[in-house]
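Fit chain to chain and form the complex, with the hints in mind.
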Amino acid sequence: MENQNKKTSVIAALVENKPGVLHSVANMFRRRGYNIESITVGHTEQKGITRMTITVSGDEKTLEQITKQMNKLIDVIKVNQLEPEAIVTRELALVKISVPDVKSRSDIINCVEVFRGRVVDVSPESLMVEITGTPDKLDAFFNLMKTYGIMELARTGLTALSRGVKSIKIDE
Amino acid sequence: MATKAKMNGANALLESLERQGVKHVFGIIGGAILPVYDALCTHPRIRHILARHEQGAAHAADGYARASGRPGVCFATSGPGATNLVTGIANAYMDSSPIIALTGQVPSVAKNSSYVIGRDAFQEADIIGITTPITKYNCQISTVAEIPSTVNTAFYIATTGRPGPVVIDFPKNIQADTANVEFTSHIDIRGYNPTINPHPLQIRKAAECIADAERPVILAGGGVITSNATDELLTVAELLLAPVATTFMGKGAFPEIHPLSIGCIGMHGNPLANKLLLEADVLLAVGTRFGDRATGNLDTFCPEAKKIHIDIDAAEIGKNVDVDIPIVADAKKALSALYERLIKQAKRKPDNPWMKRVKEAKAQLNPPNENKEFKPKSLLQTLRKLLSDSAIVTTEVGQNQMWAALYFKALKPRTFISSGGLGTMGFGFPAAIGAKTACPERTVVDIAGDGSFIMTEQELACSVIEDIPVTVIVLNNSVLGMVAQWQRMFYKKRYIATKLGTYPDFVKLAESYGAQGFRVTTIPEFQKAVQTAIKSKVTTVIDVPISMEEDVVPMIPPGCGLNQQVGDY
Chain D
1 MENQNKKTSV IAALVENKPG VLHSVANMFR RRGYNIESIT VGHTEQKGIT RMTITVSGDE
61 KTLEQITKQM NKLIDVIKVN QLEPEAIVTR ELALVKISVP DVKSRSDIIN CVEVFRGRVV
121 DVSPESLMVE ITGTPDKLDA FFNLMKTYGI MELARTGLTA LSRGVKSIKI DE
Chain A
1 MATKAKMNGA NALLESLERQ GVKHVFGIIG GAILPVYDAL CTHPRIRHIL ARHEQGAAHA
61 ADGYARASGR PGVCFATSGP GATNLVTGIA NAYMDSSPII ALTGQVPSVA KNSSYVIGRD
121 AFQEADIIGI TTPITKYNCQ ISTVAEIPST VNTAFYIATT GRPGPVVIDF PKNIQADTAN
181 VEFTSHIDIR GYNPTINPHP LQIRKAAECI ADAERPVILA GGGVITSNAT DELLTVAELL
241 LAPVATTFMG KGAFPEIHPL SIGCIGMHGN PLANKLLLEA DVLLAVGTRF GDRATGNLDT
301 FCPEAKKIHI DIDAAEIGKN VDVDIPIVAD AKKALSALYE RLIKQAKRKP DNPWMKRVKE
361 AKAQLNPPNE NKEFKPKSLL QTLRKLLSDS AIVTTEVGQN QMWAALYFKA LKPRTFISSG
421 GLGTMGFGFP AAIGAKTACP ERTVVDIAGD GSFIMTEQEL ACSVIEDIPV TVIVLNNSVL
481 GMVAQWQRMF YKKRYIATKL GTYPDFVKLA ESYGAQGFRV TTIPEFQKAV QTAIKSKVTT
541 VIDVPISMEE DVVPMIPPGC GLNQQVGDY
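These protein sequence lines map, in sequence, to chains D and A. Every letter in the first sequence is one number past the one before it in my numbering, and letter 167, counting from 1, is 167. Every letter in the second sequence is one number past the one before it in my numbering, and letter 40, counting from 1, is 40.
Hints are computed from structural coordinates only; laboratory data are not their basis. Please note: incorrect hints may appear among the correct ones.
Claimed, not checked - Simulated crosslink set (DMTMM-like; lysine to aspartate or glutamate; CA at most 20 Å straight-line):
#1 Lys319/A x Glu60/D
#2 Lys169/D x Asp188/A
#3 Lys61/D x Asp322/A
#4 Lys68/D x Asp313/A
#5 Lys307/A x Glu64/D
#6 Lys319/A x Asp59/D
Said to hold, decoys possible - Using C-beta positions, here's what the derived DEER-type ranges look like:
#7 Thr132/D x Asp212/A: 55 to 61 Å
#8 Asn563/A x Arg30/D: 33 to 39 Å
#9 Gln81/D x Ser113/A: 45 to 51 Å
Ideal placement from N, C-alpha and C gives every residue a C-beta, glycine not left out.
Here chain A stands alone, though its shape is the one from the complex (with noise of 0.2 Å):
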């Protein structure tokens, strides 16, 4: 396997790179950088997208992370282009999102120059005091011949296990020093060793919990998708007969039209997810952290069900809920491992009373929504007609977020792509432009708020020039209206800081960048503006002008149980 050659590091680094099956990598250039991006030129198969800005390429590496499974790298120069990529890197870490981030680094070692690390040197930062807290795992390159197994290392740690960021701090002088590099796949970290098979006993303690409970209820996390899980889910679900929640980060593990979906739990969750969850008594939880905005007050979470909860993260047991049976594993295992258990015992019968209850609980919770109006519940429902059931949607942060968690159905893993833990605005069209260049054959549209979209709008050249086109869909409220709805609501009305006005004109910001740019105010341009974008394979911006006075309902409001949801779905 092992291979020798003489290079320098900025070499050593791309060639590494290569072996990982890297394609894609989304950066800026600058110039404690520049031996990589140099060496750049002589390395073909990798595909530079410049970013026109860090935050975008962090974000977009995540993207392209979430809808294809594969890790998402990112560059960055040193300094201010490695902390710009930190809020992208925080949101992919709270996301639990595979992405390597590189950054250039002053040298490590200068002759007669104060341009050396320590010295607070120009474009100094230090980076991995900085990322330590944000990242799974952080180093700095001290010598061209570690770069193989520091490339390896990273990925894997990436990838495995619960996946997150890693950043790779690299010094300049060891971009270009040269060296003999061996190049292996030998990985070897004695501190890391993620459990993946489940424990027989927890499983049978589970199956036996589960195969006894009068109303199961599965809650179904990221983690289902992260581990590619969702047909395990799917089965076990059929079997049990038990209705399926998911988080909000869960969006995707089940499909959202089965009979046994019942939504998204949380904070502005399906209230028929909100109030079955309570009426279970057996839980069983997979991949999920229990975040606050899923789990609402924690003293009325279910306090009465048996819990079983699947995680791959033991950290994550009996962090914030308490369970009776805990299972460390990754999700696709136990699942598989508990149907196998569970299908030796007898069969449920679908006309069981809990399946009674969810039936009549879905036909009074979610009716199915007749009206036409111009507003985010039929845009979205409308939306989910005009895309394929494989299309990729992603979301920035805020009011639109959250409406399409509740009205846009995702029907298939890594569909719906979202910063669900930091909360990031501005995360979904970058997001989107690295969705795109991971499935370039599909369609991939980011619902977006004005609020957000304008805090990463640059990346339109990004998207336009490098030919990667994807549709934004702008619920142009004029307001930063998640905010102004808790004004509203909890704060007598008092508007501050909250209005945005209506600038930019959307239609002319795309044109600018060479996108098209369409507004619409009725139900049937928003369809025609949307064909359009689709078939085109143009980018394009499409303003959707709403009132700035409507709500996200229904909604917990804060410090309440998930038993105390205002308003109707």
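If we strip away everything but chain D, and leave its shape as in the complex, we get (with noise of 0.2 Å):
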């Protein structure tokens, strides 16, 4: 219906860190209908406190009513909507890409260079990268790398911060 007023939007939420939080979050979006993107999950700097990133997608008004609703939950300390354009976002992943020859190696080691990985594991056969960027860069650098075949990815979903001394805390 408001498919058209569809946007991504990342939520940080700080919740206790305890058994069954993960949980009562991951059931609360499944009943509701919404869809969890991506999510990462974390101890912060403040103890027994952890934080999840949610990357969801929806129009406004479902975006106001998954805020609302993680607010809900007993254990689900602080929530926020990040603002897109005000926030640094990361994801990691390591991918593994067969080589084919000796050439396709350097060729690939020349890629990963221009995107800024790290070649961590080197057999005869294949390369293991480590790439850190926002979501669209790895998109484009696997993207490159499915002419010499991915053998296996791992991603860790996004995570993110705002800018500046704008930041979500607990006060102790």
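Now the structure itself:
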């Protein structure tokens, strides 16, 4: 219905670091019919607090509901919808690329340098590359590598922080 | 405040419940909750009421909470005991009722045994996983020491903000473990801080908006009852001279015999309410989630009216209906703040055109009923006359419920208790037992249908043995009436799976449980049976055979708007 107004948004949430919290967040998304495009979870500098970075897509109203429904969960302490223009986003990927011949090997390594990746493992038939950047940049790199053959790919999903002094924090 | 003592987990739990003021627990015993029950022997201040099915226990706790405003508590054992509570928990969640469900769980640690969590032990069910989407909060106890704070947190979350059910899962080994337990009243939940006080700017905007209205209408939901805001609602309504409609859950928030009352809106709402709501230029909605059965088709739901929405749950604002002035706050606080603002405005004249319109519409759409036919309408109007204002009525789900909504006028808050959101057949009777437990001095009547009543009828044993007498009025049409009505109206009278037949014989059923049973076929017989039931203080089932062709009208066909109601009141 309102699909033409769909946009992708990044939600950052600080949650209690205890069992079941990821389940209740994921379950809320499933039950209300919202789609998680990616989710990354990790500790913060504050003890007992975990940060979730969730990429979702939906219209303005859906995104507002997602934020409100997340806020309703008891173990979710703080939720922020990050402004897409004022954030730094990054994703990390490890990718194993097949190396058909010696010439390909040096071509791949050249590409990796252009994309500021790093070769982290080498075997006679393959290279493993670590690459960091925005999801778009990663996509571009993987597209390029398809010509050689991607043997295996692991992406962490997106993580993000607001630019400047603005931060999501819990007063202790 | 803090006191320390050495005790086992079961005693720590009961001690914590006592400190919360718990006097009644509904439940069923089982292996994984045996230590807790054993400890009940030494806690005589807590009365345990033995249900005959855990669903009954959960509904009773729910009815207890709704009648009294205090949280209801139910116990169940692990596995099937816990899963039997699920319907009751989901029901409480949908209707924002504060219940605490304590479930036994298989041990979290065990030596040389696979009777332990995660190993598919006997009677193990992942009740935390199962109840996550139907609870406000749930948690599993992992040490004896944390029990007091877990219980305090559970009660705090269940009863504050928008109330709701909380599940505490209690592994058996921890029930038996002993530790030094410190009892404090300290609660610290950093992720939970409901907004109670309204934003003054929003109140000012709302006051200005509604003061300028020519045709204001107030829509009161269940939140008004939950926050005990009925007095505030009355003063605001009388000041504004605004007619008050309620949602089904809001029944009782405003006395339905008040000149400003226009009844319930919704699919089987009062045509007066449905009509006048659509004529409003400003709609003040309080404590309602704009449920689909209340609003009908959203495209025709007051498209022209300016909407003010007061709700304590921010997620309800803008969820179903877009509003002009949102106010996140407790209904009582918001209504008093609004009153303080409005009192400064010029007073309305009682003979204004809108009041004239309300009076005229009332005379036209809610004419007095002279008919004394043996039909639900007259029966329920008769029942109203037989019961005192403070008598509590519960309902089952289906036609009986909608007839009650239409024709049984609720006069006080917490006197009309029904499963609005989940629509749980079998709710009314155990809820009546819960209500009677909370309010033993008051008459409690379950307005039932035969289909619903037989779903939890086994609680007759509980009602009789525990001496919690309630009266069940079975509007007995021998069919699953509401569905049969839909089959009649929308499925070309193809009656599949709705005929129940004339079984059981409800008089004999009652008698077999030691209750009394009457069958009535005239209005005077009905009057006499109800009076006898109330006076006798004995659990009573009154079988009231009615026609299976009887429809609940008026009705808004599914998918239609409030302006498309068919049939007369």
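Item to check | Violations among the numbered hints | outcome: none
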